[in-house]
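Go by the hints and put chain B onto chain C.
Below, each chain spelled out in residue letters.
Number of protein chains: 2
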Amino acid sequence: MGVIVQKYGGTSVANIERIQNVAKRVAKTYDQGNDVVVILSAMAGVTDNLIEMAGQITDRPERREMDVLLATGEQTTAALLAMTLISMKYPAQSLLGYQAEVRTDCSYGNARIQKVGAGRIKELVEDRKIVVVAGFQGIDPAGNITTLGRGGSDTSAVAIAAAINADMCEIYTDVDGVYTTDPNICSKARKMNRITFDEMLEMASLGAKVLQIRSVEFAKKYNVPVHVRSSFSEEEGTMVVNEYTDMERLVVSGITCSKNDARILVKGVPDQPGIAAKVLTPISDAGIVVDIIIQSSPRNGTNDIAFTVPKTEYDRAMEIEQKVAEEIGAKEVQGDKGIAKVSVVGVGMKNHAGVAAKMFSTLAAENINIRMISTSEIHISCVITEKYAELAVRSLHTAFGLDKE
Amino acid sequence: MGVIVQKYGGTSVANIERIQNVAKRVAKTYDQGNDVVVILSAMAGVTDNLIEMAGQITDRPERREMDVLLATGEQTTAALLAMTLISMKYPAQSLLGYQAEVRTDCSYGNARIQKVGAGRIKELVEDRKIVVVAGFQGIDPAGNITTLGRGGSDTSAVAIAAAINADMCEIYTDVDGVYTTDPNICSKARKMNRITFDEMLEMASLGAKVLQIRSVEFAKKYNVPVHVRSSFSEEEGTMVVNEYTDMERLVVSGITCSKNDARILVKGVPDQPGIAAKVLTPISDAGIVVDIIIQSSPRNGTNDIAFTVPKTEYDRAMEIEQKVAEEIGAKEVQGDKGIAKVSVVGVGMKNHAGVAAKMFSTLAAENINIRMISTSEIHISCVITEKYAELAVRSLHTAFGLDKE
Numbered sequence: 000m001g002v003i004v005q006k007y008g009g010t011s012v013a014n015i016e017r018i019q020n021v022a023k024r025v026a027k028t029y030d031q032g033n034d035v036v037v038i039l040s041a042m043a044g045v046t047d048n049l050i051e052m053a054g055q056i057t058d059r060p061e062r063r064e065m066d067v068l069l070a071t072g073e074q075t076t077a078a079l080l081a082m083t084l085i086s087m088k089y090p091a092q093s094l095l096g097y098q099a100e101v102r103t104d105c106s107y108g109n110a111r112i113q114k115v116g117a118g119r120i121k122e123l124v125e126d127r128k129i130v131v132v133a134g135f136q137g138i139d140p141a142g143n144i145t146t147l148g149r150g151g152s153d154t155s156a157v158a159i160a161a162a163i164n165a166d167m168c169e170i171y172t173d174v175d176g177v178y179t180t181d182p183n184i185c186s187k188a189r190k191m192n193r194i195t196f197d198e199m200l201e202m203a204s205l206g207a208k209v210l211q212i213r214s215v216e217f218a219k220k221y222n223v224p225v226h227v228r229s230s231f232s233e234e235e236g237t238m239v240v241n242e243y244t245d246m247e248r249l250v251v252s253g254i255t256c257s258k259n260d261a262r263i264l265v266k267g268v269p270d271q272p273g274i275a276a277k278v279l280t281p282i283s284d285a286g287i288v289v290d291i292i293i294q295s296s297p298r299n300g301t302n303d304i305a306f307t308v309p310k311t312e313y314d315r316a317m318e319i320e321q322k323v324a325e326e327i328g329a330k331e332v333q334g335d336k337g338i339a340k341v342s343v344v345g346v347g348m349k350n351h352a353g354v355a356a357k358m359f360s361t362l363a364a365e366n367i368n369i370r371m372i373s374t375s376e377i378h379i380s381c382v383i384t385e386k387y388a389e390l391a392v393r394s395l396h397t398a399f400g401l402d403k404e
Numbered sequence: 000m001g002v003i004v005q006k007y008g009g010t011s012v013a014n015i016e017r018i019q020n021v022a023k024r025v026a027k028t029y030d031q032g033n034d035v036v037v038i039l040s041a042m043a044g045v046t047d048n049l050i051e052m053a054g055q056i057t058d059r060p061e062r063r064e065m066d067v068l069l070a071t072g073e074q075t076t077a078a079l080l081a082m083t084l085i086s087m088k089y090p091a092q093s094l095l096g097y098q099a100e101v102r103t104d105c106s107y108g109n110a111r112i113q114k115v116g117a118g119r120i121k122e123l124v125e126d127r128k129i130v131v132v133a134g135f136q137g138i139d140p141a142g143n144i145t146t147l148g149r150g151g152s153d154t155s156a157v158a159i160a161a162a163i164n165a166d167m168c169e170i171y172t173d174v175d176g177v178y179t180t181d182p183n184i185c186s187k188a189r190k191m192n193r194i195t196f197d198e199m200l201e202m203a204s205l206g207a208k209v210l211q212i213r214s215v216e217f218a219k220k221y222n223v224p225v226h227v228r229s230s231f232s233e234e235e236g237t238m239v240v241n242e243y244t245d246m247e248r249l250v251v252s253g254i255t256c257s258k259n260d261a262r263i264l265v266k267g268v269p270d271q272p273g274i275a276a277k278v279l280t281p282i283s284d285a286g287i288v289v290d291i292i293i294q295s296s297p298r299n300g301t302n303d304i305a306f307t308v309p310k311t312e313y314d315r316a317m318e319i320e321q322k323v324a325e326e327i328g329a330k331e332v333q334g335d336k337g338i339a340k341v342s343v344v345g346v347g348m349k350n351h352a353g354v355a356a357k358m359f360s361t362l363a364a365e366n367i368n369i370r371m372i373s374t375s376e377i378h379i380s381c382v383i384t385e386k387y388a389e390l391a392v393r394s395l396h397t398a399f400g401l402d403k404e
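In order, the protein sequence lines correspond to chains C and B. Everything in the first sequence is counted per numbering that gives the first Met the number 0, starting at 0 for the first residue and increasing by one. Everything in the second sequence is counted per numbering that gives the first Met the number 0, starting at 0 for the first residue and increasing by one.
Pulled out of the complex, with its shape left as it was, chain C reads as follows:
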């Protein structure tokens, strides 16, 4: 018995029948004596429909109004689930973002939670009410509706779990946990029983789509135990925890793959102090997020500078760099959208030499050329030609001993 926060994603509430299934699961948890707070996403597809509707009006919908529009999706599911629970004779009540006091900054469309005023939720929970909160939405200091960006309901759930000091935050989704790699790419992928916050953060930022990255940051910061599991089965999923017990620790815990980036190479940049800034500042000024940056050793007084940007920003970034190249007298700008980033992740590798070497030799054995490399304490990423991505994932998965028995 304890205080359980349950978050259900869009596929779990995609229609009335599924909402009724969610209600049964919530009711069961409640009947076991737990206090239950439920956080919901919009029905699968609804958010996309709303975006499309706004797209009929203008290519660039004003962001404040977009958030007012999008917030209706979660409002709908929250009302429907509360209604369903009440029709089953459970004492439920919905709360919208502002009613649950989910306070955010005012970055419409991508707001960050600053504080959750848990007063009302706690009051209702103390009354043994099942509280159903519309996820993804909050309110800024001026009382405007904000939304938290794609996957924001995960963050709503973890932030609320932290605020009410919940014993567990269960994230129900359409997969049954976090895998060592994408099972669609590698049939030998294994479901992990546990993963640390840090590993999960790397996995999320490197392309695994199970949890919104900010929700993991929140969970880590407030030490909220998170359980990622399927809303379509009773099986245990993956626990996201602060630290492993030693027994469980593996050197490498997962392989990720992302095809979202494109590579831009500025060749023959004059080798002068501050030249890298001249190449990259216009990109960041344009609001484009750069991931990996590589600068070659100078040769004949010039450098090559390569970096990756989201594919969606490729055209803008190329345009900017062509101008920059002219201004600084660089030789040429090359672009490549056909790349993939393959990464190995694991808290274990901090203390293990040889992970990088093993990664490079594994890729070499498959004749896969490494075009860029980036590393952190708990990940190594290689940018390779896109068509080799799946092969690379499978080889690395086997090489690091992750294949299921």
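The reader is advised that the hints may include incorrect statements.
Repeated chains share a single entry, so a pair holds when one copy, or any two copies, can fit it.
Unchecked claim - Heads up, simulated SDA-like pairs for lysine to any residue below, C-alpha to C-alpha not over 25 Å straight-line: (1) Lys349 <-> Glu326; (2) Lys128 <-> Ile15; (3) Lys128 <-> Gly54; (4) Lys88 <-> Met65; (5) Lys220 <-> Arg102.
It should be emphasised that the hints constitute simulated quantities derived from the structure, not laboratory data. Since this is a predicted model, take the numbers as computed values, not measurements.
Same frame as chain C, now just chain B:
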């Protein structure tokens, strides 16, 4: 130039194209130098879809959650219109019921506006912002979302117009004004240029569906000039005003017809003091609204008591009366769902004898039997057999000189 409140109904915002048309109309009013506050309904059909969705869960959706659900309809259109105006370079901002401080009692599904805290709207208007308010919704003292019942956006509009002391409240709808009677029944129906609040109240309560009755009460109480007009044309509609100038005054200004009621007749009720209360109290205790009540003169120590109830409550009312009849020893209970109520309305009739006589003789000339009669200072209603309703409307329209030339 002044402060104009414009309310657009569901058919006027039924799709993106129509919302764009509304935006053009709003922009034009704004460009003329007016301050504009817009109140919107949900897209036509959306509210019904939401009700149907809830109906898949339970026959009796919990009312608080139903309001949370329904409020999404107006939230959607408010965001879309504001977005459209902004894309046209007009400074617009949406406000939801709670943001516009539309304070109501807590009768979910049928809440009454108690106060509109106009502070935020006025601030925005002073900034020359076009304010787009989600109609139909408010907030109760505990911070819960409420809705105002069918046609509630009319009341939102008039209440907000009163609160900000607007110069005009324009109600845009799919008809071009208020008619002397239903043009679908009587081809000679004339659009009225003016009608008084009192007449409009009678028209609304007797079956004309142009405005929600509560909005007219509000307009009368706060003396808000209301202009009912079409969102599909530029023509002037009908002004709803406090008083006529004498020139315009007609004895009878309109004919209405309602088929929403059923008649229940309790025969052979013992003629005792308080017996009418015994017959009718159980009905009102069941929350059923009775319209006309007739008690015959006693004959042989018994009375007949007849009354009308909404057709939707007919079965429940019959059941109740059958029990009552047994308890009080009445002879029998008869019911009839095949009735219509035809009414003549006009502030002029207060001071004119002969209106009732003319009504009765007109119906008699068509061989239409009058089954119940009720009167007020400005209306006379006759209950007749349903199949004669249209004939009665047309005859009365001609008899009272309302036919268009």
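Regarding Lys128 and Ile15, is the shortest C-alpha distance of 25 Å or less found within a copy, between copies, in both, or in neither? within (22 Å within a copy, 40 Å between copies)
Using 25 Å as the alpha-carbon threshold, which applies to Lys349 and Glu326: within, between, both, or neither? neither (42 Å within a copy, 88 Å between copies)
When no copy is named, should Lys220 and Arg102 be tagged within, between, both, or neither for a Cα gap of at most 25 Å? within (17 Å within a copy, 39 Å between copies)
Cα distance capped at 25 Å. Does Lys128 pair with Gly54 within a copy, between copies, both, or neither? Cα proximity of Lys128 and Gly54: across copies only (23 Å, versus 39 Å in one copy).
Checking an output row: Lys88 and Met65, CA cutoff 25 Å. Within, between, both or neither? Classified as between; 16 Å across copies, 36 Å inside a copy.
Taken one by one, the earlier hints fail for this structure only at number 1.
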